[in-house]
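A.B. asks: One letter stands for each residue in the lines below.
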Amino acid sequence: MKFPAPVSATWMADFIGAELHGERNALIHGINEIHRVEAGDLVFVDHPKYYDKCLQSPASFIIINSDAVTIPAGKGILVCDAPFEAYLKIVQHFKPFTPSAENISKSAVIGAGSVVMPNSFVGNNVVIGKDCIIHPNVSILDDTIIGDRVVIQAGSVIGSDAFYYNSKKDRPNWYRKMLSCGQVIIEDDVEIGAGCTIDRGVTADTRIGRGTKMDNMVHIGHDTQVGPNCLFAAQVGIAGGTIIEEGVTLWGQVGVSKTLTIGAHAVVLAQSGVPSSLAGGKTYFGYPAEEASTKRRELVWIKRIPELWKKVMD
Amino acid sequence: MKFPAPVSATWMADFIGAELHGERNALIHGINEIHRVEAGDLVFVDHPKYYDKCLQSPASFIIINSDAVTIPAGKGILVCDAPFEAYLKIVQHFKPFTPSAENISKSAVIGAGSVVMPNSFVGNNVVIGKDCIIHPNVSILDDTIIGDRVVIQAGSVIGSDAFYYNSKKDRPNWYRKMLSCGQVIIEDDVEIGAGCTIDRGVTADTRIGRGTKMDNMVHIGHDTQVGPNCLFAAQVGIAGGTIIEEGVTLWGQVGVSKTLTIGAHAVVLAQSGVPSSLAGGKTYFGYPAEEASTKRRELVWIKRIPELWKKVMD
Amino acid sequence: MKFPAPVSATWMADFIGAELHGERNALIHGINEIHRVEAGDLVFVDHPKYYDKCLQSPASFIIINSDAVTIPAGKGILVCDAPFEAYLKIVQHFKPFTPSAENISKSAVIGAGSVVMPNSFVGNNVVIGKDCIIHPNVSILDDTIIGDRVVIQAGSVIGSDAFYYNSKKDRPNWYRKMLSCGQVIIEDDVEIGAGCTIDRGVTADTRIGRGTKMDNMVHIGHDTQVGPNCLFAAQVGIAGGTIIEEGVTLWGQVGVSKTLTIGAHAVVLAQSGVPSSLAGGKTYFGYPAEEASTKRRELVWIKRIPELWKKVMD
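Chains as they are written, first to last, in the working numbering: chain A, 1 to 314; chain B, 1 to 314; chain C, 1 to 314.
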């Protein structure tokens, strides 16, 4: 998320009650979570395990709960006891949740030739392009951007909050919600089936590339980037922060884990599970997904165990 | 889809800009895709691989992008460069998408004793029988026919478009939507759980047989025919054009591929995957689904590999 | 379900047309299905296989289709031909389905600071606590109780009917719906993702414990009891009557069967299937789910079959 206008580091330190060390004069342009951070951004970290990753990231300022770190040249740190709480305070200030009371928010822009059918909801600052069809009972939540000739079938949800929590098991509620302030971007000529859910980015965007088509009940996690001309069959689930390159086909009920990459033109056969990155241009199968020819041979080998047993035990 | 009234072959050739060869005088009664075509119908084909299948199908007229084929006796071909575009033009002419602006379309017929709860949508030409309960936030899309004593739980979608595309990878958008002009037919005493999606037929119908019961989040693809007294547990997905005979039980998260048949009274255990037809009357398990007893023995054999290894390697 | 006030056993016998044997004077306080029955309750049984289980349960009165049983001391039996029909008659009398015609029922109570967004439905006798967010197109069905600071994302359904049928294959409709008269209870600080479905208890309650967080498209069956601080990733499905103890993590697309227990702090890895109870504090994987370390070794053993084969066959 970018702020409406850059803010000074000293204002920010004062706002969240932090001590400012290192760079003091640069402006802060926005806040992002670590996977999507850019130069000029603020990021937060509250666990020593991730200190280095955040300090060495493109972020210009780091909210951190220790001053015993080496500050990279040109960067500033904002030291406070509860960086996660500081993140929440910043998001609530710059992007407060203001639920629309209308079916179609007055701030939404809907292009010529587009139809929003009954019982659908279009939230604040949503932009829908030309010649789109939004079927009934669809929820398009705040800040979603939709291109031209997009079809969203009935009952789908675009822009739901990320499934992303700050976790500490020494308090009564283990999980605290990391407020989502990102958005969903759906490019031209995409079709989303019925009963799909696409989560918004935590601080950045979830993107569905041009011409990609999804069947019913497909789930796309926060910050996932789907390339153009992909084809996802029904009940596919993709976790957060993953990259699906162009022309990837995922058949029914495939599950894809988080923050990995599936290369261009890969095909993953039905019900497979993808726990780590896959090279493009090949066909995969099984859990964990392997090249389909390898996996098929493996199934044949399993069938031969009784013969082996007989040979060995006789 | 049948046309409102039969049309002459010459009118049709003129309408889509095709040359007519072979039979010229017969009437065309409707258009269907190849899996559901009947005598009197028009079908289209644009790939030489499928020319014969379409020419030899029950269709009376074939839209095709070659005149170098042998025309079966009594049939006519309509030769044009882009048969798929011709299909789209025909569907848009005879079955234009006319989104209802009302929650319950004026053309819908709802039987005595039936309840449609708030925030549900009932589209054009929908027929709902007697003593049905349509729970909140349900979308029943155009042309759906529902019998008596049917229960559709909240958030379900009946009659979403088929996931069916014309695919060519030498153009910017690989996938062009094959417009759906079919419908869903739900027979008496069916129950559909919450959050289910049932796609309409592409040109014909998707049918759910009498007394069949589905749990939540079940997906049924286009043109699938489900027999009476089936039981589908939660998160089952069935792809398009498949036949599920009577009394079939599919347990939770089972996936079934397209255009296959599962025989009467078969039982498929949870999370199994069905890539090809299964005979009736048996219990299946695993991916690919095999008879459960076979698959269970296989799991035992896998456990014995270390023992085999020890024996052989010692 | 408890009745509005206790009723006499003789009134009940007369109401359902049954003969009363054994205890005649005690009052009946409610009716429950066998998994959730308490002292003072009525239960029904119509198959000899389950006679003993019901007679020996905590229930004080048993509707049964045989008088040739031994009645435990202090209990009464109500003998009739069709106990299941008697159950339906009792539920329809004490808990008739009265669909709300309003988006938000007049009998619903919504706490201070809570927001119900457009196109959401709130049924009869629903109680929503303070500072909750109910996103658009959510269905909260009759009798649901929701605590404070609960978030329910768009398109979710809370309180759908149980997938629970009386099954007899010698009649035209094999499955007759066991009417649900139970409810859903969601404790404080729970978050439900988009497109989730949580079924009500058949006669008792389905409960989601304090601080539990669910991603999108999670399905929870009737009467399931989920402890506090659980984490369920997208597309998890849990069947009915299961107990998930506190702090359990289920990763994406996990399936859990009915009436089993997953112990506290267990972790079940993505796409695993759980057919029977799991001890707490361990990590599980595969179908059927086993300890992850065991299962991972098994995958390595399978890879070694070709080497074994070579050694043995050479």
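Don't read these hints as lab results, they were simulated from the structure.
Any given hint could be a false lead.
It does not matter which identical chain is used: a pair holds within one copy or between any two.
Here are the simulated DSSO-like cross-link-like pairs (lysine-lysine), alpha carbons at most 27 Å apart as the crow flies [said to hold, decoys possible]:
| no. | residue 1 | residue 2 |
| --- | --- | --- |
| 1 | K89 | K311 |
| 2 | K106 | K168 |
| 3 | K75 | K258 |
| 4 | K2 | K311 |
| 5 | K295 | K311 |
| 6 | K130 | K282 |
| 7 | K258 | K295 |
| 8 | K130 | K303 |
| 9 | K130 | K89 |
| 10 | K295 | K310 |
| 11 | K282 | K258 |
| 12 | K177 | K95 |
| 13 | K282 | K169 |
| 14 | K130 | K258 |
| 15 | K303 | K282 |
A.B. asks: None of the hints should be skipped; say for each whether it holds.
C.D. replies: Here is what the structure says about each hint:
no.: 1; hint: K89 / K311; verdict: neither (69 Å within a copy, 64 Å between copies)
no.: 2; hint: K106 / K168; verdict: neither (40 Å within a copy, 40 Å between copies)
no.: 3; hint: K75 / K258; verdict: neither (29 Å within a copy, 54 Å between copies)
no.: 4; hint: K2 / K311; verdict: neither (69 Å within a copy, 63 Å between copies)
no.: 5; hint: K295 / K311; verdict: both (25 Å within a copy, 22 Å between copies)
no.: 6; hint: K130 / K282; verdict: neither (36 Å within a copy, 52 Å between copies)
no.: 7; hint: K258 / K295; verdict: both (23 Å within a copy, 22 Å between copies)
no.: 8; hint: K130 / K303; verdict: neither (55 Å within a copy, 53 Å between copies)
no.: 9; hint: K130 / K89; verdict: between (37 Å within a copy, 21 Å between copies)
no.: 10; hint: K295 / K310; verdict: both (24 Å within a copy, 19 Å between copies)
no.: 11; hint: K282 / K258; verdict: both (20 Å within a copy, 22 Å between copies)
no.: 12; hint: K177 / K95; verdict: within (15 Å within a copy, 38 Å between copies)
no.: 13; hint: K282 / K169; verdict: between (42 Å within a copy, 16 Å between copies)
no.: 14; hint: K130 / K258; verdict: neither (33 Å within a copy, 34 Å between copies)
no.: 15; hint: K303 / K282; verdict: both (25 Å within a copy, 21 Å between copies)
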